[in-house]
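K.L.:
Each chain is listed here by its residues.
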Amino acid sequence: MKNDIQSEAYLRMLKIRGFEQAVKQLVTEGEVPGAVHSSVGQEAAIVGACMALADDDYISGTHRSHGHPIGKGAQLKPLMAEILGKVTGVCKGRGGSMHFTDTSVGSIGESAIVGGGIPIATGAALTAQVKGTGQVALTFFGDGASNEGVLAECLNMAAVWKLPVIFFCENNGYAAVTPAKDSHGQPDVARRAEGYGVPGVIVDGQDFDAVYAATQTAVARARAGEGPTLIEAKTYRFDEHCVGLFINGAYRPAEEIAHFMSERDPVTLYRNLLLDGDKSEGDLSEIEAMADGLIQEAVSFAKESAYPDPEEAFELVHANPISIRR
Amino acid sequence: MKNDIQSEAYLRMLKIRGFEQAVKQLVTEGEVPGAVHSSVGQEAAIVGACMALADDDYISGTHRSHGHPIGKGAQLKPLMAEILGKVTGVCKGRGGSMHFTDTSVGSIGESAIVGGGIPIATGAALTAQVKGTGQVALTFFGDGASNEGVLAECLNMAAVWKLPVIFFCENNGYAAVTPAKDSHGQPDVARRAEGYGVPGVIVDGQDFDAVYAATQTAVARARAGEGPTLIEAKTYRFDEHCVGLFINGAYRPAEEIAHFMSERDPVTLYRNLLLDGDKSEGDLSEIEAMADGLIQEAVSFAKESAYPDPEEAFELVHANPISIRR
Amino acid sequence: MTESNTKRMTYLDALGLAQREELEGNPDTIIIGEDIALYAAGGAYGNTEASRIRSAPISECGFAGMAVGAAITGLRPIVDLTIANFIYLAADPIINQAARLRYMTGGQFKVPVTYRASMWHSQANAAQHSDRPYPMFMNIPGLKVVCPATPEDAKGLLKAAIRDDDPVIVFEDNDLWGKKGDVPLDTEFVVPIGKARTHREGSDVSIISVSGCLRHALKAADDLARDGINADVIDLRTLLPLDNDAILGTLAKTGRVVIVDPAHRTMGAAAEIAAILVEDGFDMLKKPVKRVVTPDVPIPFSPPMEAPLYPNPEKIAAAARELMA
Amino acid sequence: MTESNTKRMTYLDALGLAQREELEGNPDTIIIGEDIALYAAGGAYGNTEASRIRSAPISECGFAGMAVGAAITGLRPIVDLTIANFIYLAADPIINQAARLRYMTGGQFKVPVTYRASMWHSQANAAQHSDRPYPMFMNIPGLKVVCPATPEDAKGLLKAAIRDDDPVIVFEDNDLWGKKGDVPLDTEFVVPIGKARTHREGSDVSIISVSGCLRHALKAADDLARDGINADVIDLRTLLPLDNDAILGTLAKTGRVVIVDPAHRTMGAAAEIAAILVEDGFDMLKKPVKRVVTPDVPIPFSPPMEAPLYPNPEKIAAAARELMA
Ligand SMILES: Cc1ncc(C[n+]2csc(CCOP(=O)(O)OP(=O)(O)O)c2C)c(N)n1
Ligand SMILES: Cc1ncc(C[n+]2csc(CCOP(=O)(O)OP(=O)(O)O)c2C)c(N)n1
Ligand SMILES: [Mg+2]
Ligand SMILES: [Mg+2]
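Residue numbers (the numbering used here), protein chains in the order written: chain B, 1 to 326; chain U, 1 to 326; chain W, 1 to 325; chain L, 1 to 325.
Keep in mind the hints are simulated off the structure, nothing from the lab. Treat the hints with care, as some may be off.
Said to hold, decoys possible - In silico DSS-like links for lysine-lysine, alpha-carbon gap of 30 Å or less: (1) 181/B - 131/U; (2) 287/L - 286/W; (3) 287/L - 287/W; (4) 195/W - 287/L; (5) 287/L - 253/W; (6) 77/U - 253/W; (7) 195/W - 7/W; (8) 131/U - 110/W; (9) 286/L - 253/W; (10) 7/L - 195/L; (11) 162/U - 181/B; (12) 195/W - 180/W; (13) 7/L - 180/L; (14) 253/L - 286/L; (15) 253/L - 315/L; (16) 287/W - 286/L; (17) 179/W - 219/W; (18) 162/U - 110/W; (19) 253/L - 7/L; (20) 286/W - 253/L; (21) 24/U - 179/L; (22) 287/L - 195/L; (23) 287/W - 195/W; (24) 110/L - 131/B; (25) 131/B - 181/U; (26) 315/L - 286/W; (27) 24/B - 315/W; (28) 162/B - 110/L; (29) 286/L - 315/W; (30) 286/L - 315/L; (31) 315/W - 286/W; (32) 219/L - 287/W; (33) 315/L - 195/L; (34) 286/W - 7/L; (35) 195/W - 110/W; (36) 110/L - 77/B; (37) 287/W - 195/L; (38) 181/U - 162/B; (39) 195/L - 180/L; (40) 195/L - 219/L.
Here the structure is a predicted model, which means the values were calculated and not measured.
With the sequences and hints as input, model every part of the structure.
P.N.:
Structure (structure tokens):
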């Protein structure tokens with residue numbers, strides 16, 4: 001693989017796509033405990049944002065959690081093992097799909113509480129500011145999460161304190177089965193930012209370059225001490241809200257789904273863009289093979305890993321331990 | 001008193017002003033349990049908003065609570081008795097200064113939880129909409145309260161559902177001792193509304209006519225089923241945050257206070273306006289005497305009323321009572 | 001209740017039926033919650049007009065508070081908070097407003113709002129989706145708290161909650177959603193708030209059960225019966241107000257008590273029940289009170305760690321046997 | 001501790017001293033709260049640079065959550081939530097995040113955040129400003145909860161909380177703010193979290209006290225002593241984790257226990273203490289456990305209704321006398 005931005009971006013998108021396909025397969029096999037939410041369709045938004053960050057910058061995220069740490073560069077094996085609840089999982093089997101965290105790549109936590117990652121990242125930005133580390137924090141959240149009041153609170157505090165934080169909304173048009181248009185007083189989440197003194201930017205979330213550029217601008221602003229930015233990436237999820245969820249009634253038009261899958265697939269769009277540029281089919285196949293290999297390895301690793309011992313449930317509750325009452 | 005809008009508005013402003021002066025006197029006399037927050041300086045904003053409402057429209061408010069029900073037309077005696085914790089109080093001594101409620105004039109509760117009245121009024125608007133009563137709800141809140149996320153949530157829901165609610169911000173420039181400029185990413189609370197699809201309007205809160213007109217427009221919009229409006233009245237509080245509070249350090253310039261008191265007193269401004277119009281000194285003195293009389297009556301009533309019996313503490317907890325464990 | 005008046009259905013369908021009946025029966029009843037129109041728990045709103053079924057934005061604090069405003073002005077809102085962990089976002093309006101507005105206003109209002117919260121656990125959803133938060137709300141005067149353990153009680157208690165003029169939180173045990181039982185079809189059927197129910201009479205040991213633990217308690221009782229130990233099994237059903245008579249009544253029968261509660265040990269509902277026993281029933285107690293509860297750890301994701309944490313029939317039977325020894 | 005190492009000061013000044021020492025002693029310590037720079041409780045931040053003293057907008061949920069993000073990335077935030085009733089607005093980040101992030105991430109983080117909440121009561125501020133909400137947080141594994149009752153403990157426990165690598169909530173009793181006592185000046189003085197303190201030794205009856213009730217308990221003990229009844233008085237100081245050894249230890253001495261707790265009766269901290277006594281100390285109990293607590297009503301505004309609700313020396317002494325009868 002060529003060690004350039006484009007190849008790396010394409011690889012990360014493929015890793016997300018492949019990881020999600022593998023997870024869906026594992027669900028079918030009955031290997032996955034709990035609920036999983038796939039990021040398929042949203043890869044360009046995620047990777048575009050992450051590639052604009054430095055390795056030690058922070059990210060926080062959501063229940064739709066797999067893409068974010070992968071986009072930030074996390075190893076796949078411990079993530080896949082976590083999905084299966086194995087002791088080798090990145091959270092030692094305590095977090096599962098909705099709570100991926102990999103501090104080794106600056107991933108400080110996906111939150112199953114919608115909106116929960118927003119103050120976490122804002123607080124990480126506060127640390128960066130107080131300690132003068134130059135780090136930036138970026139928080140991924142959905143269009144649905146944007147209706148949690150805590151977003152308004154954090155936008156405002158970040159503006160007041162000029163915190164180096166980027167509020168990154170993956171607006172995929174739906175919160176579970178509720179269309180954004182039925183739950184937003186006006187459609188653009190980015191337009192909410194201005195009222196708090198925060199610049200709001202809308203980008204095409206299916207276009208890696210657009211997302212990457214917008215995030216780079218926001219990162220530069222944050223690092224320069226000029227404060228937060230809200231970026232809204234208009235995107236689409238290709239899968240159901242939750243893998244395997246039975247939805248009682250059609251909440252989104254079949255044509256809409258078909259349109260996005262055939263015309264607006266971020267991986268295909270990026271592949272074509274690279275081919276139009278200076279990448280060859282060979283270059284891309286090499287990257288694709290590499291992604292496949294990594295995913296196969298991760299699946300094998302996860303399957304072969306052991307489950308935690310039940311007694312481990314009583315460990316790691318506190319950093320300064322107390323005796324646990326049973 | 002002439003039964004016209006101007007006389008009534010002037011009377012209500014005087015009632016608020018006089019009520020607050022009387023309360024401060026009672027504090028000095030050691031008659032007042034708990035904390036009280038005075039609305040002096042904000043009378044035009046309050047009365048301008050209330051006069052634009054019908055008698056059966058709803059209002060909710062804040063810890064700075066005395067002005068709102070008075071502005072809505074409440075009787076003073078039960079309010080003053082409540083301040084002193086008497087059994088004749090509007091809340092039978094259970095609420096006190098911060099929790100005035102007088103359903104007889106549509107006052108559905110002042111909240112000592114900053115921001116707490118916002119969803120209450122939004123919910124009252126929901127009732128009006130579901131039942132088709134044509135009523136409107138207006139919620140008073142401060143610049144400080146505007147930083148509670150629940151405002152954003154309610155603005156958005158009110159916009160989505162086109163609820164007949166008016167979000168009325170009394171921006172007096174300070175939340176306790178914190179200047180609004182140190183706690184708002186940009187200075188205009190009204191500009192936050194637009195991001196939720198709600199029109200935001202700024203008015204001079206010292207100018208009764210301006211507030212009255214803006215609120216009338218918002219009420220008309222709400223009654224027509226067109227949804228919420230946010231009105232920001234730029235105003236000023238003449239007293240300390242809390243009557244008798246000792247503030248350790250000057251948080252607002254003495255010149256600023258002096259300027260508002262001498263140039264921007266809403267009662268004086270309105271008095272002059274009425275004199276410039278068709279009111280005579282005699283007309284106004286008559287109204288002033290009436291206000292004074294009502295306040296004196298209220299103070300006497302409150303002082304002469306009895307305290308509740310301790311056993312009353314165990315009553316009115318539930319509407320469908322259960323036995324209270326002691 | 002004759003056979004013909006009941007229908008076998010799941011706990012979830014019983015909740016849905018309760019909602020439909022109350023929505024159809026009273027035009028003041030409304031329902032608010034996320035995704036509620038399409039896939040919310042119970043669904044099935046019958047002939048209710050859309051304006052009374054509000055699919056809300058993800059704004060728990062806001063709509064839980066709005067429901068209070070709606071309740072004090074004449075509606076009877078049902079707020080479906082869905083997964084119980086989200087109730088913390090709505091804690092302020094529930095505690096600071098709903099629970100005390102009537103009192104603070106000297107009785108000017110009633111606050112007929114119902115909050116539904118479904119306690120997910122045993123489902124590998126980890127700590128942010130696996131709480132059983134009823135204990136904290138038991139400490140809030142002005143509220144009522146119910147925890148139905150059967151389809152019949154699910155219908156009857158939810159209906160009672162909606163009809164009650166005070167704020168009631170209905171904590172559902174999600175593990176029971178798919179379980180079936182006979183449910184009265186009478187639209188006037190309600191289960192009175194504040195009354196426990198005896199599910200099995202016995203004279204050796206009492207098992208006082210909270211929420212979904214009932215089925216484990218009954219299994220344990222079967223097992224104990226095989227050893228000749230007769231358990232008196234009661235389901236509290238309402239946790240605020242507690243049915244002190246029932247608690248002391250079963251103690252009077254047996255002198256030995258096992259409390260089974262899916263909440264964490266420290267300050268679970270079992271704590272209050274034990275306190276009542278030792279305060280008001282001391283002279284009847286032959287043995288220490290035993291609590292079979294969930295240990296004080298956040299709920300882990302991985303099933304081999306999660307599953308053993310909760311009360312089960314074996315743990316209950318073992319505790320009862322210790323008391324009989 | 002020699003005389004010269006202590007200074008007489010108020011509970012509030014002791015809290016301020018603890019904050020100043022920890023802010024000056026560790027550049028990672030920051031403080032966030034409303035109006036904090038000017039008149040927040042304790043104040044006196046010494047040489048701390050302004051960037052570590054954050055006067056926050058009125059956004060409790062937001063800044064309580066930010067503090068979690070700051071804590072897991074290397075700061076040690078103190079969040080002053082001021083009046084305890086506002087903690088409900090911050091319940092979600094405290095419970096769903098702070099308490100369990102370490103666990104859920106398999107130990108990738110520690111979460112050294114301190115929440116301060118001052119329990120106002122007895123001050124005619126009515127139900128929205130008069131709560132004592134510690135019981136609900138005792139049910140949340142991952143948290144620690146302390147309730148200092150003296151100036152010395154106020155300093156020592158707040159310092160211990162700030163230094164602790166886990167989330168700790170410090171519930172102050174606002175009634176004690178103005179009360180004076182001798183406070184160690186040693187900057188390394190801390191009171192260990194999880195340890196109760198015996199304030200008076202006795203062999204007839206135990207008084208187990210929570211929060212500001214301690215002074216009433218000691219007064220009651222004086223009164224009882226005049227009748228020849230010797231009370232053993234312990235202040236739990238930490239409520240999560242509870243000091244079970246101390247609870248059972250005092251029971252062992254006396255066999256009779258009065259628990260004094262300013263929280264409401266149902267599910268107050270006293271419930272858990274009583275449960276521990278009847279579960280683990282049954283054979284030592286000579287008499288029923290008595291709880292002297294606040295009745296289950298929202299706190300009313302008017303002083304003649306409010307004042308009689310709380311525990312006081314007379315009620316405590318009367319309960320103890322009943323146990324001696
Ligand atoms: C506080 C909270 N409320 C509700 C939920 C239930 N829930 C999980 S995902 C979801 C929809 C989220 O929509 P969005 O933020 O747009 O993210 P997306 O699923 O589209 O990625 C909801 C309501 C939750 N997990 N947390
Ligand atoms: C939820 C909550 N947080 C904090 C407080 C404490 N408090 C009372 S008044 C106040 C300032 C409010 O400022 P603003 O909203 O501007 O109203 P004003 O006092 O200026 O009328 C604060 C912080 C409170 N009562 N409720
Ligand atoms: Mg979405
Ligand atoms: Mg203000």
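K.L.:
Between residue 195/L and residue 180/L, does the CA-CA distance stay at or below 30 Å?
P.N.:
Roughly 22 Å separates the two Cα atoms, so the pair holds.
K.L.:
Run the distance test for residue 286/W versus residue 7/L: straight-line Cα separation, threshold 30 Å.
P.N.:
violated, 52 Å
K.L.:
Is the straight-line distance between the alpha-carbon of residue 286/L and that of residue 253/W 30 Å or less?
P.N.:
holds, 22 Å
K.L.:
Against the 30 Å threshold, does the CA-CA distance of residue 7/L and residue 195/L hold or violate the hint?
P.N.:
holds, 23 Å
K.L.:
Tell me if the straight-line CA distance from residue 24/U to residue 179/L falls inside 30 Å.
P.N.:
holds, 28 Å
K.L.:
Verify the proposed pairing of residue 162/U with residue 181/B, using a straight-line Cα cut of 30 Å.
P.N.:
This hinted pair holds, its Cα atoms lying about 14 Å apart.
K.L.:
Check whether the Cα positions of residue 162/B and residue 110/L lie no farther apart than 30 Å.
P.N.:
Holds, at about 26 Å.
K.L.:
Keeping to a limit of 30 Å between CA atoms, is the pair of residue 315/W and residue 286/W held or broken?
P.N.:
holds, 20 Å
K.L.:
Against the 30 Å threshold, does the CA-CA distance of residue 315/L and residue 286/W hold or violate the hint?
P.N.:
holds, 29 Å
K.L.:
Please work out if residue 286/L and residue 315/W have their alpha carbons no farther apart than 30 Å.
P.N.:
Measuring from Cα to Cα gives roughly 29 Å; hence the hint holds.
K.L.:
Tell me if the straight-line CA distance from residue 77/U to residue 253/W falls inside 30 Å.
P.N.:
violated, 57 Å
K.L.:
Given the hint that residue 253/L pairs with residue 315/L, test it: the Cα-Cα distance must not exceed 30 Å.
P.N.:
holds, 22 Å
Of the numbered hints stated above, those contradicted by the structure are hints 6, 19, 27, 32, 34, listed in ascending order.
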